[in-house]
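**Q** Please model the entire structure based on the sequences and the hints provided.
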Amino acid sequence: MPSAALQRKWQGRLSLTLLLAPALLWLCALIILPHIDLAILSFRERVGPRHYVASLAQYRTFFAEPLYWHVFVRTAVMSVVATFLTLLLAFPIAWIIAKLAQGRASSLLFILCLIPFWVSETVRTLGWMILLRESGVLPSLLVKLGITAVPVELLYHDATIMVGLIYTSLLFMVIPLISSLESLDNALIEAAYDLGADGFAILRAIVIPHAAPGITAGCIVVFMLTLGNYLTPTLLGGKNSQWFTEQIYTQFITRFNWEQGAALGFLLLALSTVMVMVGLRLTGQRFGDVMRRT
Amino acid sequence: MIPSLPRPAWLRATTAVYLAGFLAFLFLPLIVVAVFAFNNAPYPAPPWRGFTWDWFLGNATIGRIGLFGDSELLGSIWTSCVVGAWVTLLSVLVGTCNAFLIERGRFFGKQALSMLMLAPLVIPGVILGISILAFASRVAEFADDVFGLELDFLRPGLPLVVLGQFSYLATIATLTVSARLRRFDRTLEEAALNLGASKAAVFRTILLPYLRPALLGSSAISFLMSFSDFNTTLMLVGADSPLTVMMYGRMREGASPVLNAVSLFLMLASAVLALTFMRGGPARGKAANSA
Numbered sequence: 001m002p003s004a005a006l007q008r009k010w011q012g013r014l015s016l017t018l019l020l021a022p023a024l025l026w027l028c029a030l031i032i033l034p035h036i037d038l039a040i041l042s043f044r045e046r047v048g049p050r051h052y053v054a055s056l057a058q059y060r061t062f063f064a065e066p067l068y069w070h071v072f073v074r075t076a077v078m079s080v081v082a083t084f085l086t087l088l089l090a091f092p093i094a095w096i097i098a099k100l101a102q103g104r105a106s107s108l109l110f111i112l113c114l115i116p117f118w119v120s121e122t123v124r125t126l127g128w129m130i131l132l133r134e135s136g137v138l139p140s141l142l143v144k145l146g147i148t149a150v151p152v153e154l155l156y157h158d159a160t161i162m163v164g165l166i167y168t169s170l171l172f173m174v175i176p177l178i179s180s181l182e183s184l185d186n187a188l189i190e191a192a193y194d195l196g197a198d199g200f201a202i203l204r205a206i207v208i209p210h211a212a213p214g215i216t217a218g219c220i221v222v223f224m225l226t227l228g229n230y231l232t233p234t235l236l237g238g239k240n241s242q243w244f245t246e247q248i249y250t251q252f253i254t255r256f257n258w259e260q261g262a263a264l265g266f267l268l269l270a271l272s273t274v275m276v277m278v279g280l281r282l283t284g285q286r287f288g289d290v291m292r293r294t
Numbered sequence: 295m296i297p298s299l300p301r302p303a304w305l306r307a308t309t310a311v312y313l314a315g316f317l318a319f320l321f322l323p324l325i326v327v328a329v330f331a332f333n334n335a336p337y338p339a340p341p342w343r344g345f346t347w348d349w350f351l352g353n354a355t356i357g358r359i360g361l362f363g364d365s366e367l368l369g370s371i372w373t374s375c376v377v378g379a380w381v382t383l384l385s386v387l388v389g390t391c392n393a394f395l396i397e398r399g400r401f402f403g404k405q406a407l408s409m410l411m412l413a414p415l416v417i418p419g420v421i422l423g424i425s426i427l428a429f430a431s432r433v434a435e436f437a438d439d440v441f442g443l444e445l446d447f448l449r450p451g452l453p454l455v456v457l458g459q460f461s462y463l464a465t466i467a468t469l470t471v472s473a474r475l476r477r478f479d480r481t482l483e484e485a486a487l488n489l490g491a492s493k494a495a496v497f498r499t500i501l502l503p504y505l506r507p508a509l510l511g512s513s514a515i516s517f518l519m520s521f522s523d524f525n526t527t528l529m530l531v532g533a534d535s536p537l538t539v540m541m542y543g544r545m546r547e548g549a550s551p552v553l554n555a556v557s558l559f560l561m562l563a564s565a566v567l568a569l570t571f572m573r574g575g576p577a578r579g580k581a582a583n584s585a
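So the sequences go chain by chain: Y and Z. If you use my numbering, the first sequence corresponds to residues 1 to 294, in order. If you use my numbering, the second sequence corresponds to residues 295 to 585, in order.
Keep in mind the hints are simulated off the structure, nothing from the lab. For glycine and all other residues, C-beta sits at the position ideal for the given N, C-alpha and C. A portion of the hints provided could be inaccurate.
Only some residues are given here: those of chain Z computed to face chain Y with a beta carbon under 10 Å [said to hold, decoys possible]:
| hint | residue |
| --- | --- |
| 1 | L320 |
| 2 | F321 |
| 3 | L407 |
| 4 | V440 |
| 5 | Y462 |
| 6 | N488 |
| 7 | F521 |
| 8 | A533 |
| 9 | L537 |
Covered stretches of chain Y, as calculated for chain Z (at least 3 residues, CB under 8 Å) [to be verified]:
| hint | segment |
| --- | --- |
| 10 | 33-45 |
| 11 | 57-64 |
| 12 | 72-79 |
| 13 | 91-103 |
| 14 | 185-192 |
| 15 | 246-255 |
| 16 | 259-265 |
**A** See the structure below:
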């Protein structure tokens, strides 16, 4: 082999290694090894000071203690409901932005949808607390309008948590919906209309099948974010929030029971992964495509 | 229905009502936060008692500590800025390397590696936080036992917060930069090389200017998301709290309009940042990448 070609080959090798190094360092040191460590933690039990044995005790505790799996199931169910409601609420606005509004109006609406998400979730949650707490804006408005005699506490209900979760997730549903609706050819809708289809038939037979990738992408992202949310349920739900991430925090940080916390963490991760897989399988999509879409 | 088809009046009316309701839902929380930063009352609650700057400018002498007199809050804003700067630097650097690796590199296992790079987005932030916390403390213990080293940066604190946020923001930077790199016309690069430019010169004069919008956009996104990250940060935080954690603690204790003041400040700052950095190029693509 001529030496110039050999040199080029080695140069290529070298630059590939240099580019690979940060990626491998990042993924190994911050993602793969920590998760292996977490798995090891979750499969051991403390039997004495600095003495541990391998066991399934942490997972057994999860199933034996009703509080844990009640909260687990509750978090999962509420996340599914929140995802569905977010989809219902986001679909019309995505339709308006992608199809109804034209030109500047469409971009303006889109920017308006974006603005609340430039500020942190803490600020948005603060807003909801000021609106909903007993001395807050909405209860006093209800009294003024004569709907309730005394201010009612609107915080600390499941419905409050739901509102907060939907609010936080909206954008992540709207964006993939818009991009999937924009690619739908209006001529198809016009043709269906000319052939006598009504609105619901068009929605069912044309729009939803076409937007399915966007719907799946949005639902997956929203579900994951909702499941892993900590701030909104704890602040809007108060003591009744019973969110699973809270249990993880309590075990890990408050009680310093890392083994139990790791097990709960893995269960949450498993739930999230399974639901994502099911979502992808149901709609026949690939993970990489979905992530690029969002 | 689309504009080219007839829409019945009830549908138009419903659309208008929905749109108004939706925008109200979207902006009501932000508006009340902003408004009650100026209410002359010790709690951010109605009724309106007149306009005041106290919650920004107040100090101990008038009995109301405003934002600019609250050294704890100001300190936490500074902490967030420092964390954000490090996270942004790391994420954009690593993200750019990754983009070249994925778009240009040819090696065994590339498909698997690029899938693995997406993983941090699917892992809940809380779990990223606890796994890094546990692993870091194991490494610290190991270093202590075997080499007798005290590695303080591996204990809960700002270095870990930076690493925790970086662990998933690197993915977002990777996606943003590689999306732009993918659309690059490689004949430009080849032409420059044919004309005798060195690889370094091509990178500096052609690729870097081309990637600039993506680099700036992903910097802005990384900084904003680092500033507002809560889940991962909460698990890794030590003695110095970044702003979100500090605000969370205060919100649990009780309400004070100082929080409204700092929130308003945040809203303005993030709006300015978002508008300056995301103006170039289609806003939609950038925003999509932040999700």
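**Q** Let me make sure I understand: some of the numbered hints might not hold for this structure. Which ones are they, in numerical order?
**A** Result: hints 4, 6, 8, 11 and 12 break, sorted rising.
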